[in-house]
Structure formats: structure tokens, C-alpha cells
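**Q** Each chain is listed here by its residues.
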Amino acid sequence: EPEVTQTPSHQVTQMGQEVILRCVPISNHLYFYWYRQILGQKVEFLVSFYNNEISEKSEIFDDQFSVERPDGSNFTLKIRSTKLEDSAMYFCASSLRTQQFFGPGTRLTVL
Amino acid sequence: AQSVTQLDSQVPVFEEAPVELRCNYSSSVSVYLFWYVQYPNQGLQLLLKYLSGSTLVKGINGFEAEFNKSQTSFHLRKPSVHISDTAEYFCAVSDQAGANNLFFGTGTRLTVIP
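Respectively, the protein sequence lines represent chains A and B.
Letter by letter, the first sequence follows residues 712 to 822 of this note's numbering.
Letter by letter, the second sequence follows residues 2 to 115 of this note's numbering.
These aren't lab readings, by the way, just hints derived from the structure by calculation.
Everything numeric in this text was worked out from a predicted model, so none of it was measured.
Here a beta-carbon is modelled for each residue, glycine too, at the ideal position from N, C-alpha and C.
There may be inaccurate statements among the hints.
Said to hold, decoys possible - Just some of the chain B residues that point at chain A, by a computed CB distance under 7 Å:
{"id": "1", "residue": "Y26"}
{"id": "2", "residue": "V30"}
{"id": "3", "residue": "G44"}
{"id": "4", "residue": "L49"}
{"id": "5", "residue": "N101"}
{"id": "6", "residue": "N102"}
{"id": "7", "residue": "F105"}
{"id": "8", "residue": "T107"}
{"id": "9", "residue": "G108"}
With the rest of the complex left out, here is chain B (with noise of 0.2 Å):
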């Protein structure tokens, strides 16, 4: 079974700052790592996915994520943030094999302050 551990709950900064929102997570098997921004009251969005190939990727609005298989996480970064991106985010993993199901950690709120 999968589990993923998103530590910080809620991550406040300023404009223009950079971020890092940490997401650790635990698998017997290979997986799949994805990161999710959820705007308030709408769905869920994909921000970036490692599936295979180069550890750090890249995603839509600037963000990148590294993944690193000895430390088993997958941080999430952006080195300017802006007002808008002020929103919960989700790190979530499948295995790579059956149906991909998505198990999910319980998000962090980022606060853009101005």
C-alpha cells in the first residue's frame, strides 16, 4: 500500500518569495508522483507528474518538482510566488501497475501574502 505524508499543513509567504512544500511518501512498488492545486471550490488541477526519465520536473505556472528515490520524496518548488497562487496543493502517488488509483496526502495550504 502507498501512503504520502505532506508535513506542512499550512505554508504562508510573501510575494515574490520562493517555496517549497515538502511531500514524502512510502510504496513496496514503483510509483507514479504527481502534484495537484485545488483553487477554492473547484476541482482538482494537475500541476506536474514524474512518471519515469529526468528527477526534476517541470509543471505548469512555474512550479518543478525533484524527485528522489532514496529520500522517498517529491517537493514541490517555486522560486517566485505570486497572489495567485494561493491555494491548497495535494501530493498524491499511484503504482504503476492496475488502475493508477490515487492515493493522496492531506494537502497544504499556501498563503500568498502581498
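One chain only, chain A, in its complex shape (with noise of 0.2 Å):
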């Protein structure tokens, strides 16, 4: 069964670091999506994007975040500059029509 995974699964940076995660979506899905979620806290939506370019995007995902799908498998968010604050679980998600897959997420660690 196709599945979304996600590299690494744990990143330990030093603040003020740039950082980026990666996930491979299910291949013929068509919408992706950034969502994080802080240690005991709900998940938060962060940013879609479809067509190569992003349809949504919450507040938290300000001028320091960026996404790009730079090649037909992978895709990618960057942090430019980490801040303690960030330290969250990533999930990638993609979908085909409503039904969103997640992968297991890659664990931000800022120090």
C-alpha cells in the first residue's frame, strides 16, 4: 500500500540554523500539505499546495517558512532560521480529492 514518508525522523539544529524536511507523498496524489504539532498540543495546519504552487496558509507559516516540490517526488519545507519555538513534530500530508495521508512525521528539535 502506497504510503507518505517523511526524512529525517528526528533534527537537532541550533537556533538560528536553517533547516529542511522532506517527504515523498503517495505518487499520484495532487494536493500536499505542512501541518505541526507541538509536544502536547493540538495539530496545526500550516500550508497546502497544489499545482506547484501554495493554495493556503496559516499565520504561523510567516517569511521564515517556504515549501517547494522541486522535482516530481519530494516535497519539501524549509525553516530559514530556526527558533526555539519551532521545535514541533512536522507531518507531511497528501491527498488525491478529501482523504489526506500523513507521514510519520520528522521531530524538530531546536536547541
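Both chains come to you apart, so use the hints to assemble them.
**A** Written out as C-alpha cells, the structure reads:
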């Protein structure tokens, strides 16, 4: 069964550093998403991506964040200058229509 | 904008007992409704979804949920829980237009007691 994959599973970085989180969505899906979950809190929507451009983004998704689909398979989330409060679990998801399939997540720890 | 309320942050229940996890939502547009389960240190797995049609939807692992439009609720139920059902459960909504971004509730931790 096809699934969404994410790498790395855990990323530790110093405050101010750039990080790139990678996702491989399900191959025939059209919509791509990033969500985050700060420890002990709810899952929050960051951004959706369709037809090679951002469809919607939340208030969390400020200028420090960017997304890219550099080739036909990868979908990346970049944080330019990480802050302590960026520490969270980041989930990628993809969908063909209404049902989103989630990856296992990348735990980002900012020191 | 949509929002989801899960009033119960924790629900302990004995094994083989029934359980109901409550979810209420607010939205100015028509929505799709979802329940996801998150086992420790894992991602989100879809339990069930309501898109249209019958208001009673059945999902995996014996769970079901009923969409009640007048009460704007989508409560999750299981008639007899198992130890393996111990997990965090998230209710989510998306609007029926656009990219269907999901808005999640704060989650309910279900703990099944042997």
C-alpha cells in the first residue's frame, strides 16, 4: 500500500540555523500539506500546495517558512532561521481529493 | 473559519466497556468531518470520515461516528474497547471547497484500563 514518507525522523539543530524537512507524497496525489504539532498540543495546519504553488497558508507560516516541490516526487519544508519555538513534530500529508494521508512525521528539536 | 472542540482531554475506560469521544465543530460553510488516531510516537491514521450521505459512518477497528448537523457534532463511539485502543484521538474538519485543509481539535487521550 502506498504511503507518505518523511526524512529525517528526528532533526536536531541550533537556533538560527536553516533546516529542510523532506517528504515523499503518494505518487498520484495532487494536494500536499504541512502540519505541525508542538509537544502536548493539537495538530496545526501550516500550508497547502497544489499545482506547484501555495494554495493556502496559516498565520504560523511566516516569511521564515517556504515550501518547494523540486522534482516530481519530493515536497520540502524549509525553515530559514530556526527559533526555539519551532521545536515540534512536523507532519507531511498528501491527498488526491478529500482524504489526506499523513507521513510518520519529523521531530524537530531546536537548541 | 472552522474550529473544533473536543471537551474531554482524557477519557479512562475499562476494557470491554463502551466509549464515546465527543467532538463539536463550528463552521460557516459545509464541512467534511474526520477522526484520526495517533498511537505513541507515530503519525496520524484515519479512523473514519463523513463526506456526505448516511450520517452514521463506520471506520476501522470497530469505531463509528454519527454526524448531527443540528447539534454540529460528530461523536466517536465504540461498543467495546480493547487495550490496543489506548491512543490520542483527534477530530478534524475541512471545508468542502479549496484545498481541504484540516483543522484539528485538541485531542482526547483514551486510556483503556485492563
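**Q** Each of the hints needs a verdict: does it hold here or not?
**A** Each hint, compared with the structure:
Taking 7 Å as the C-beta cut-off, the interface hint given for Y26 (chain B) is violated, the closest approach to chain A being about 14 Å. Taken as an interface hint, V30 (chain B) does not check out: its beta carbon lies about 14 Å from the nearest beta carbon of chain A, beyond 7 Å. Because the smallest distance between the Cβ of G44 (chain B) and any Cβ of chain A comes to about 4 Å, under 7 Å, the interface hint for this residue holds. A hinted interface residue such as L49 (chain B) counts as satisfied when its beta carbon comes closer than 7 Å to some beta carbon of chain A; here the least separation is about 11 Å, so the hint is violated.
For N101 (chain B), the suggested interface contact is upheld, since its CB lies about 6 Å from the closest CB of chain A, less than 7 Å. Because the beta carbon of N102 (chain B) sits about 5 Å from the nearest beta carbon in chain A, less than 7 Å, this interface hint is met. Look at F105 (chain B): its Cβ gets to within about 4 Å of chain A, closer than 7 Å, so that hint holds up. The closest approach between the C-beta of T107 (chain B) and any C-beta of chain A is roughly 4 Å, which is under the 7 Å cut-off, so the hint is satisfied.
Checking G108 (chain B) against chain A: minimum C-beta separation of about 6 Å stays under 7 Å; hint holds.
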